[in-house]
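Enquirer: If you want the building blocks of each chain, they are given just below.
Protein chains: 2
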Amino acid sequence: MELNKKEIELVKILHNNNGKFISGENISDTLGVSRTAVWKYIKNLRKKGYIIESVPRRGYHLVEVPDKITVTEVLAGLKTNLIGKEVRVFSSIDSTNNKARELAKGGASGGTIVIAEEQTGGKGRLGRKWYSPPYTGLWFSVIVRPHLPSNRAPFLTIITSLVVKKAINKLGIEVLIKWPNDILIRGKKVCGILSEIMATPDVINTAIIGIGINVNQDSFPSKIPLATSLKQVCGHNVNRIELLQDILMEFENYYNRLKDGCYRDLVTEWKNSMDILGKEVDIVAGNEIISGKVVSISRRGELVLIDPDGNKHLFWAGDVTLRQKD
Amino acid sequence: MELNKKEIELVKILHNNNGKFISGENISDTLGVSRTAVWKYIKNLRKKGYIIESVPRRGYHLVEVPDKITVTEVLAGLKTNLIGKEVRVFSSIDSTNNKARELAKGGASGGTIVIAEEQTGGKGRLGRKWYSPPYTGLWFSVIVRPHLPSNRAPFLTIITSLVVKKAINKLGIEVLIKWPNDILIRGKKVCGILSEIMATPDVINTAIIGIGINVNQDSFPSKIPLATSLKQVCGHNVNRIELLQDILMEFENYYNRLKDGCYRDLVTEWKNSMDILGKEVDIVAGNEIISGKVVSISRRGELVLIDPDGNKHLFWAGDVTLRQKD
Numbered sequence: 001m002e003l004n005k006k007e008i009e010l011v012k013i014l015h016n017n018n019g020k021f022i023s024g025e026n027i028s029d030t031l032g033v034s035r036t037a038v039w040k041y042i043k044n045l046r047k048k049g050y051i052i053e054s055v056p057r058r059g060y061h062l063v064e065v066p067d068k069i070t071v072t073e074v075l076a077g078l079k080t081n082l083i084g085k086e087v088r089v090f091s092s093i094d095s096t097n098n099k100a101r102e103l104a105k106g107g108a109s110g111g112t113i114v115i116a117e118e119q120t121g122g123k124g125r126l127g128r129k130w131y132s133p134p135y136t137g138l139w140f141s142v143i144v145r146p147h148l149p150s151n152r153a154p155f156l157t158i159i160t161s162l163v164v165k166k167a168i169n170k171l172g173i174e175v176l177i178k179w180p181n182d183i184l185i186r187g188k189k190v191c192g193i194l195s196e197i198m199a200t201p202d203v204i205n206t207a208i209i210g211i212g213i214n215v216n217q218d219s220f221p222s223k224i225p226l227a228t229s230l231k232q233v234c235g236h237n238v239n240r241i242e243l244l245q246d247i248l249m250e251f252e253n254y255y256n257r258l259k260d261g262c263y264r265d266l267v268t269e270w271k272n273s274m275d276i277l278g279k280e281v282d283i284v285a286g287n288e289i290i291s292g293k294v295v296s297i298s299r300r301g302e303l304v305l306i307d308p309d310g311n312k313h314l315f316w317a318g319d320v321t322l323r324q325k326d
Numbered sequence: 001m002e003l004n005k006k007e008i009e010l011v012k013i014l015h016n017n018n019g020k021f022i023s024g025e026n027i028s029d030t031l032g033v034s035r036t037a038v039w040k041y042i043k044n045l046r047k048k049g050y051i052i053e054s055v056p057r058r059g060y061h062l063v064e065v066p067d068k069i070t071v072t073e074v075l076a077g078l079k080t081n082l083i084g085k086e087v088r089v090f091s092s093i094d095s096t097n098n099k100a101r102e103l104a105k106g107g108a109s110g111g112t113i114v115i116a117e118e119q120t121g122g123k124g125r126l127g128r129k130w131y132s133p134p135y136t137g138l139w140f141s142v143i144v145r146p147h148l149p150s151n152r153a154p155f156l157t158i159i160t161s162l163v164v165k166k167a168i169n170k171l172g173i174e175v176l177i178k179w180p181n182d183i184l185i186r187g188k189k190v191c192g193i194l195s196e197i198m199a200t201p202d203v204i205n206t207a208i209i210g211i212g213i214n215v216n217q218d219s220f221p222s223k224i225p226l227a228t229s230l231k232q233v234c235g236h237n238v239n240r241i242e243l244l245q246d247i248l249m250e251f252e253n254y255y256n257r258l259k260d261g262c263y264r265d266l267v268t269e270w271k272n273s274m275d276i277l278g279k280e281v282d283i284v285a286g287n288e289i290i291s292g293k294v295v296s297i298s299r300r301g302e303l304v305l306i307d308p309d310g311n312k313h314l315f316w317a318g319d320v321t322l323r324q325k326d
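Respectively, the protein sequence lines represent chains A and B. Numbers 1 to 326, taken from the UniProt record's numbering, label the letters of the first sequence in order. Numbers 1 to 326, taken from the UniProt record's numbering, label the letters of the second sequence in order.
Simulated from the structure, these hints should not be mistaken for lab results. Where hints are given, some of them may not hold.
For identical chains, the list gives no copy identity; a pair is met inside one copy or between any two copies.
[Unchecked claim] In silico DSS-like links for lysine-lysine, alpha-carbon gap of 27 Å or less:
1) Lys129 with Lys105
2) Lys312 with Lys259
3) Lys85 with Lys48
4) Lys271 with Lys312
5) Lys312 with Lys178
6) Lys312 with Lys293
7) Lys271 with Lys189
All chains, full assembly: derive it from the sequences and hints.
Expert: The structure is reproduced here in structure tokens:
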């Protein structure tokens, strides 16, 4: 699915034309090649999965792009300054977080995105596996160099879950955030977030934010019954590139708000996207299981729980389950 | 200063004898070499800086080891299970934290110690330089794999400062901990601590704890007037290896207490080692300067400050200066 330089330029021209027809003459002028060459490029693009309509005397018109993630397609029309400054796409790697960490160590700049069509060792929290088959989901990581105070680390997960929620909402699908890092549709997981930081006590130097979204899976292995995909919910394929672009653009907005110190607003928005407040829960954190009532989300993004003895507990992370009514 | 295998064994035998005489015959039996060979090894060790007394009919006796840090000397008599499991000594590297980070990525096990006789790029918090000339200080880093909850990160600095305080106290020198990561003698800095973590929101996977102690410097460059050394305070050279061993042994104790979850005790001990409580201070944290009164250290090791408007602020890290009385 590699495009050559002229083909990439042609794709950009078609994209920039926003679905309207553009004449072959116009294209040949812009590309600086003959009409015959334009025709050859169009043919090649069609072979590679682009659906391009051609109508005599009107020209060409981009109908659909192939459902493969390419740097060209991700960058086409992406209106961000930082996020997506560099985009790396891999067909199959162990995990985008691992690759992103490696690139970050090698000096990759903040805003770099690492995308894989397939993850062979996709991970969730606590080293759990994340099922990430090829060409159906969005498996990607964002590298940022936030220089935020280290105790603001939970905010990286907070903004990411809000960003994904917003992008999915745009498809007309309602979601709930399951504290701290999952996104659910009717109780089933459609997205998981795994952030990793490198920090001193003062600042978070680098963060790798991994995002896995089930997009176009028709079904899931029976061992993960609590997973769902956007396609399963809305009944049709979802364009992964448009979804990714929406996420990157929202990410830039929320990341800027975070950098601007809008902690209170972000926590409020996060709180309102959950259904855990006031509920009786069990939380597994480290080796402990603590039961109690969720009374709040703290200003710093922690879950505040009161146990039956009235003791207050604060959590950054953990596994939360609603308690059965006795 | 490299020792060969037999010389290392001989040094261990002399160390194990705890300053008592051991006969040449005994040594030759244990090493499995001739009396003449033993004499040759003793001569070599003396050339390398070991002071070994020999008395006819009584044998040999270790008086003093060279003031060079070697793996053999660090491990001789070190009674720890985890900390110092592996010891790496470098004559001159940029910074022990950088080297430790590199080793940790390569899979170095928790408990590994990285020591340098000289750091050419020693660093303090926020990328500040740390003056670390050769053969006078203790510049080293400890790699741990703590699997502690991420919001316990401040405790790594807390235990390290308590450990260094205790080891220096054993020399009969009083110190104060300057929040969050310096150790002062009469207002001058004798030790700095720089910890770095790699973490997910759940757990700290790896921590690199860098410790720099001014031990035997006679003086400091005029541009760092607020530094002091143990030698400047007590008037004589301090054995760096013994000090290091004391620190490693205390570190293991405190690290175990931390792993056991003795957070409250550790914070209390830390609080009592500072003189900042109740004082009016300015704190520079990130781009902000906040002034107020230090009212407490939180259960989680944060500095709690009340500003003139009565707002509470919590800090993990920052630069604190006492306010001048108006």
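Enquirer: Output the numbers, in ascending order, of every earlier hint that fails for this structure.
Expert: none
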